[in-house]
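Student: Take a look at the letters that make up each chain.
Number of protein chains: 2
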Amino acid sequence: MINQLVSKIKEKNAPIVVGLDPMLSYVPEHIQKKAYEEFGETLEGAAQAIWQYNKGIVDACYDLIPAVKPQIAMYEQFGVPGLMAFKKTVDYCKSKGLIVIGDIKRGDIGSTSTAYAVGHLGQVTVGSKTYRGFDEDFVTVNPYLGTDGVKPFVDVCREEKKGIFVLVKTSNPSSGEFQDRIVDERPLYELVGEKVAAWGACAMGEQYSYVGAVVGATYPKMGEILRKLMPKAYILVPGYGAQGGKAEDLIPYFNEDGFGAIVNSSRGIICAYQQEKYASFGQEAYAEASRQAVIDMREDINQAIGK
Amino acid sequence: MINQLVSKIKEKNAPIVVGLDPMLSYVPEHIQKKAYEEFGETLEGAAQAIWQYNKGIVDACYDLIPAVKPQIAMYEQFGVPGLMAFKKTVDYCKSKGLIVIGDIKRGDIGSTSTAYAVGHLGQVTVGSKTYRGFDEDFVTVNPYLGTDGVKPFVDVCREEKKGIFVLVKTSNPSSGEFQDRIVDERPLYELVGEKVAAWGACAMGEQYSYVGAVVGATYPKMGEILRKLMPKAYILVPGYGAQGGKAEDLIPYFNEDGFGAIVNSSRGIICAYQQEKYASFGQEAYAEASRQAVIDMREDINQAIGK
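Just so you know, the sequences run in chain order A and B. Numbering follows our numbering, in which position 211 of the first sequence is assigned residue number 211; successive positions increment by one, without gaps. Numbering follows our numbering, in which position 17 of the second sequence is assigned residue number 17; successive positions increment by one, without gaps.
Treat the hints with care, since some could be wrong.
If chains are identical, the list can't say which one is meant, so a pair holds when it fits in one copy or spans any two.
Stated by the list, open to error - In silico PhoX-like pairs for lysine-lysine, Cα to Cα no more than 25 Å straight-line:
1) 34 with 129
2) 33 with 55
3) 12 with 96
No lab work stands behind these hints, which were simulated from the structure alone.
Construct all of the structure, not just a fragment, from the sequences and the given hints.
Tutor: This is the structure:
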């Protein structure tokens, strides 16, 4: 799957991923109205609204982008109906040829991490049959529990030829509280980065490993160091756009081959129509606004990295 | 809710929680057979099997215990049908008067943590209505992202009078890889423990805070230090029994008032019938085996802590 991700980034000339992180406040009124008419103001109605909203964005943008990254929390907040919308979104994006990165940030002790890995990347056995629960292509993983919390994901990735992105340095303001603390004269995130390189060494694709890393766009100097520490890890970069990361900040996240990083934007794309810059599209044409925002993001980033 | 947890522990004289972490391999054949007859060897069939298995255990044990802790990964591995079984389990346990600790180990950047907190502890707004997605009483939270990943959970806890247990020192073998690293002459888990105390200071119940901690039974010396660092934090202690923690190891996790800790056992209780000690119950009476294992665990722990 990492090979496919690299070749799709090449093909679309777009090292970008659209974060499908729907809040109801993002969903245009006409979509909400229709969903509530059909299902009432219920969890099912909310789930229908976010699914239809996603579908519009995917239909408008899928030819431009290699991948999407649905954030499962935004679906989980609506309980079981929300998770049904998550699954529908994953399946639909795959049917449109997109690679799906499930932003699930799971991580637990060994046997429990195995259950998460099986549910999101692998297959579960029921009697004489096997099934795929959510079936994303990649997921994000929290490393706080150490190797035996991450290894089960790597094992499933090797079986399934899928991948993970391990949280190394997150994009949020307080990420430094623990991640930046100095251990043996180096910040903790460097130790985690080294582990990512080690975990990934035995799960290699052609040029990059099945084991990637999350490093926020908001910390470019740290990104530069981590890029060198984990040369074979693809870096998933959140924090561009709405969170404050700029295109020129992204340069150090890429390798000299021009690959090695994929930049996420969520609100900046899916909510483009709510920004002044794209307001002329209006609510009805929210998906076209998202398409224009993808085109602008692609240009902004490709210009910065000299592509 | 923390006050209710303390009073239920007092009432039942049982500082224990049963981990409802069903694997299909734990579920007796007669339950699997019946579920597959009704739903086929499908995800729905698996979900029915684990739900019926849970129900049997809860019916047999609810009068003895204050709380249960379903591990969501074990449900999530069966996709959406599995998560329906999770919700059924949560609802059923609450209807039997049990406090439910959702072992979800979520944690993300601010707005995303808010979505998790809303989905698991709070209420989500849909148009003019509000709904509760999963509605546990407590959840476990991963602290790797720092204060702004945890704070949204604390805020929802204050509104809802619910609680969280933050991962401080986990019970697994490689938990030390990052958690034990020395920062400013102290291990990282102590820093996290101090933060737990700080986060919890503004969310106090009568004697204990809404913000508790997870500290594994497998590291009693660390438990002793953490107990003193976070005197108002209830400690959820996994790792007793199947993972190797012994009753006498649990003493330092309790405060002098005899409270302050609640000990989890999962496999040791729910799979009791598969152990030599309880094998005479047989598969059909698996729930009675679980009941006996609860009685034995209660005695083992109360004897150790002198109750």
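Student: So which hints don't hold here, by number, going up?
Tutor: Violated: none.
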